[in-house]
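Q: Below are the chains, spelled out letter by letter.
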Amino acid sequence: MKRIITLTVQDRSGVLNRVTGLLQRRQFNIESISVGPTETEGISKMTLVVEIEDEQRLEQVTKQLNKQIDVLKVSDITDKAIVVRELALIKVASSSHLRSEINGIIDPFRASIIDVSKESLAVQITGRPEKIDALIELLRPYGIKEIARTGLTAFLRGYQPQVNELATYSLIK
Amino acid sequence: MKVEAKQLEFQTSIAPKTGADLLIDLLKNEGVDTLFGYPGGAVLPIYDAIYRAQGTIKHILFRHEQGMIHAAEGYARITGKPGVVIATSGPGATNLVTGITDAMMDSLPLVVFTGQVARSVIGTDAFQEADVMAITTPITKHNYQVQSISDLPRIVKEAFHIASTGRPGPVLVDIPKDISAGVLVEEPEKACIDLPGYQPTTKPNPLQIKKLADSVAKAKKPVILAGAGVLHGKASRELTAFAEKHQLPVVTTLLGLGAFPADSPLSLGMGGMHGTYAANIALYETDLLINIGARFDDRLTGNLKHFAPHAKVAHIDIDPAEIGKNVPTQIPIVSDAKEALVELIVQTAESPENKAWLETLHQYKQEYPLWYKHEPDGMCPQWLIEAVHKVTNGEAIVTTDVGQHQMWAAQYYTFKEPHRWITSGGLGTMGFGFPAAIGAQIASPESTVVAIVGDGGFQMTLQELSVIYERNLPVKIIIVNNGALGMVRQWQELLHGNRISESILHTQPDFVKLAESYGIRGMKIDNQEDLITFLPELFAHDGPVLVDCRVRQQEKVFPMIAPGKGIHEMIGVKPS
Ligand SMILES: Cc1ncc(C[n+]2csc(CCOP(=O)(O)OP(=O)(O)O)c2C)c(N)n1
Ligand SMILES: [Mg+2]
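Protein sequences, first through last, are from chains S and R.
Everything in the first sequence is counted per full-length UniProt numbering, starting at 1 for the first residue and increasing by one.
Everything in the second sequence is counted per full-length UniProt numbering, starting at 1 for the first residue and increasing by one.
Source of the hints: derived by calculation from the structure; they are not laboratory data.
Worth double-checking, as some hints may not be accurate.
Claimed, not checked - Coverage of chain S stretches by chain R, computed from C-beta distances (three or more under 8 angstroms per stretch; other residues unrestricted): (1) 9 to 15; (2) 55 to 61; (3) 64 to 77; (4) 93 to 106.
Note that the coordinates shown come from a computational prediction; the quantities given were computed from them, not determined experimentally.
The C-beta atom is built at its ideal place from N, Cα and C for all residues, glycine as well.
For reference, chain R alone in the conformation it holds in the complex (with noise of 0.2 angstroms):
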């Protein structure tokens, strides 16, 4: 402890380099432009690293650490790069793991920064200390403690490699004080990486490639079912060329949306618990499924005894556990997205003779198409989701929360372009979307952004308003605010005999006064004609707006496959 002391004091005369400075110089090395931060006791050295860089590395302060680790999720997933998070040791660190997990759950590149307390008293329950590297290890992709100031350029080299390559995901950084404080006595050597047990298969066996086009070529049901994993390998392009060259129909999985272009008549729209009709019974039917980069998920597959039943199954995916884990896999393909589709697409294997598939697959498009009908009691969530899609022409970045206006938002805002969409799919993280928001805005300060929110979940961290007003990230959100919390309603009404247990949010604040607090611009709207008055010059404003939109508290979401059903046992898939 005395030691410590010494070293701070030292500091804050004219310093030497510390171990923070330094970490600042890597971050920079590693091409970081962006800190998603909050301060405090153990983490002070490397604010202090950031106060002397003087803003040659932007840092932005968030309201609480979970807002900030969702908005490096949304900044991840709109950049491809790592976002970078910095919290102190203890609550700091633990108010992170929601976002560690949601990012592990899909697959998203962070590198976590924590403080913890000085390496002398590790071990004897110091103030705000918590055992992150044990509470973390089942959540990261990998996790470090810091030893030793020179361990620190091989470590961020590896944890931004380990975060970005292979499957992505969150690495974490443990850093003591006293590493961070510490003083350098020497410019440490260039870093090299030594992960003898990392090396992740990027390349498809050929053999495999040639057996999956002979299938296609046989096949007379086959189906494409499209995932994230297209979008980390940016193969969208690919993927489209290869599903016209054979006439694929394509299902996208919640996450995959935007991997295909929802207006090609080869998309059946989205697979899965809410999915389109077609898109599942197209699972249920198919002869051969061809999955790249989903991990077959319970949400998407409904009770397996009834998953792609006929179907021999091809499987692409970069990380070779996910191949199997959950349906039997005729053709494993351990691979990058990209790299496997284009050796997909220059193989001379013949195109399948699928003609009357794809006819009946149009023809249950047109049979059962989405649908919901207006009532007289209030303005209808999916239409609203279709007038945001339509003012912001279909091209806005959209975040969601998770519930009932997430699988509205994931019907009806039909994207054309990939890397549109940002929500929280693994994980359902209420709370997610409008931080996410935040930070895809930061990482596209051009595009149009919208989240798209429950008046349940913004509840659990509308604090970043503050951040929006205070860098003016002219971010739109749509509270789809129908006084409940929807999802779990909709299940007790359906499922729970109408038992509405603690479902209804009887009081709410004033949502447009909120946003007005924060200095934001705010409306009302509750109806269909003010919203086709307003929404326009809402969506011109030049900063950000915060609209509540009022919607029928009854509306359900359609189709449903209920838990422990089969993908072809959905309920609603018409009018009734």
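If we strip away everything but chain S, and leave its shape as in the complex, we get (with noise of 0.2 angstroms):
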């Protein structure tokens, strides 16, 4: 099962070192890591997207992290209300008699063209990971030359439903 776990931790050198290590040795698969500052200085928050099998393996994670001197907090919040993103740029190659067909197909995702040369262009999407899947299939035709992804970041909606509203609620599987 894929979760998303987000690290609250003091942005001290060798911080993402531990966390990456740390997964890596004890075997767990990081799909993606974006790390960033928060409101409060010194403090850095990571999220990270890792596959894991069930869980013990889920609850052995977290708490090997959270042991981490200089982590703070550790929080699994696939299950709850969350607010997910990921940024993405792609390299679709095109000439210029095909740009308003792709500039249709791009539209309806609300994305955008941030550059034009004479053999291709650039998109820039924000969205669930999903929906970035989406229109990377949409475009595949066209021939992409290059995909970059910020991965994805995340956190917890304003409003958290009771847990009975939940039920089966999750953005990803």
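Hints are included, so try docking the two chains, each in its own frame, into the full complex.
A: Have a look at this one:
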């Protein structure tokens, strides 16, 4: 199962190394990782997407992460009400006569063209990872030259429904 | 580089206070009395400060960094205080890697200071530069590289705090040379610990304690598994009180030996791969397993499928990550061992009705005791351990190396008291035993300290003979000399079709002459009579002694749970 885990960490040298090293050593697959500063100086937030077989392993990884001295908080937010976003840049092979066709495809995704050259154009899209996947599939027939994705970042929504309202609500399976 | 050279020059004239002087002050403030060290370029400023401290802090010069860090581990095991290690950058630091890993696996508090090249050249592959931070990240509880002299007081304070609280472990502090050589402009402010992410839980949850007490009352076949956590928590007395109050039988792990008196009727001895029949069958048949401070290591549990299959499992551990890691746990209790035991003792719940269980276990003990047979072709190593036990009254501090002799020592050197047993459990580090004994003797000068070592492992760190001579540390070294890497030989004989591949030591030094060349008394003994005659006198000798004891090569450690087998599938439980 895929889980979204957020870490609040002290912004000290080596902390990213400790976290990724630990995951590697305990054989957890990191699908994506994103890191950045938070509203508090000296505190950073990491968002990990990891592939984990079962609850027991999930509990183990959470505990191991929590044990790190510079890790302040570990939360598995997968089953909470959350806002999830990722940004992707997609370079598509395209001559000028295809440009408006591509525009028509990306428009419903609220993506935009941010760079144009003779042979290619670059699309920028933000959204949930599935939405990005979907656009990539639609653009593939045109010839994708390069993709750069930031990895997912997420946090809790302001309103958290009661547990029974949540039921099967989940953003990534 | 230039700046650094200038600073060094400056220091040799009558010196203003440097980062290194500050470090020595900070160590004294932490109550450090002994440094386990080895000098080199990157720590020259620190050694200059040690010189200037004029003996107000004791420094022991070892002959190899691995030896000195194992000695620091032995010291930590006996005192409960962090062992303090100083090594130079590059090769000095990398020579420590085995010992740091060993301390991490066995939860021993160490504070390790390594020199580093000056900040201006870090990352340039400078002479004797190694990426010690990256190398030690997975093998330390935490590590620091000092980036400014003003951080030094806080970092040293935090390092000692982290190493010695919660689940103890090694902390490394990497000090660039320009920091230790740097001149202190003003006396830094008193440091405060700033560790919002580190708050170990030490008090148990009362609801879980109640749940455990109720489960004890209802159990028919309860058993306690006592690990090193009981020793780290200094909770042996509380463990004994709890076990006796409810008549609960106790199995100890390899590292937990001594946590519960071996001569108590409730003691089942050691569990695991070479544990007793009664201990292992108790772990198999139990309906309530109370683990206190053990981590369900695979050498204890055997194949997890067959481990305590009928049991409700309670686990008391100060490290939450250990609970449920290997064995599903119904009653998790994150706590210091002593705090939890004290709470358990005051619970009013009934004692279990487990007379029948105790009777069964008693029968197992009678029916399947540890055994060995005397053979005509050489001294029996098990008997040798019993002889050492006898001559030391079972009261010595015993360290071991790794291999067959370690298991025989664990089986036959039984303890009445805690904190007398020092062995490398988790990492199984050959070369550990002898230097660990040096650390133990430094920590406890009045105690008899015996290093029970193999002929293989002793040769990995024997250069420290210089240290026991130089300091007149009366360590007694018993080489259980079977002319082989015995444990490897045993596995090859039993599990690899008797193909004895590269595990016989065809040539060996003359250990007696070797000892003598270091100025130490040595003796070779190859039969029982001589051992009985000379051992008392050798142990009475007021100085270090090395005894090269020749024992049967073919002897094997039994009982044994073969790898992959369940805890109830022991072989060699009875003489064949
Ligand atoms: C540093 C290291 N290398 C290799 C091993 C693997 N090993 C485990 S026991 C053993 C044999 C030890 O021989 P010896 O010290 O003579 O002890 P014995 O088993 O004969 O009592 C070996 C090689 C180890 N544990 N540690
Ligand atoms: Mg041997």
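Q: Does each hint fit the structure? Answer for all of them.
A: Against the structure, the hints:
1. For the segment 9 to 15 of chain S, the proposed coverage by chain R is satisfied: 4 residues have a C-beta within less than 8 angstroms of a C-beta in that chain, meeting the threshold of three.
2. Coverage of a stretch by a chain is defined here by at least three residues with a beta carbon nearer than 8 angstroms to that chain's beta carbons; for the segment 55 to 61 of chain S and chain R the count is 3, and the condition holds.
3. Counting residues of the segment 64 to 77 of chain S whose C-beta sits closer than 8 angstroms to any C-beta of chain R gives 8, which meets the bar of three, so the coverage hint holds.
4. Against chain R, the segment 93 to 106 of chain S contributes 0 residues with a C-beta closer than 8 angstroms to a partner C-beta. That does not satisfy the three-residue criterion, and the hint is violated.
Hint compliance for this structure: hint 4 is the single one not met.
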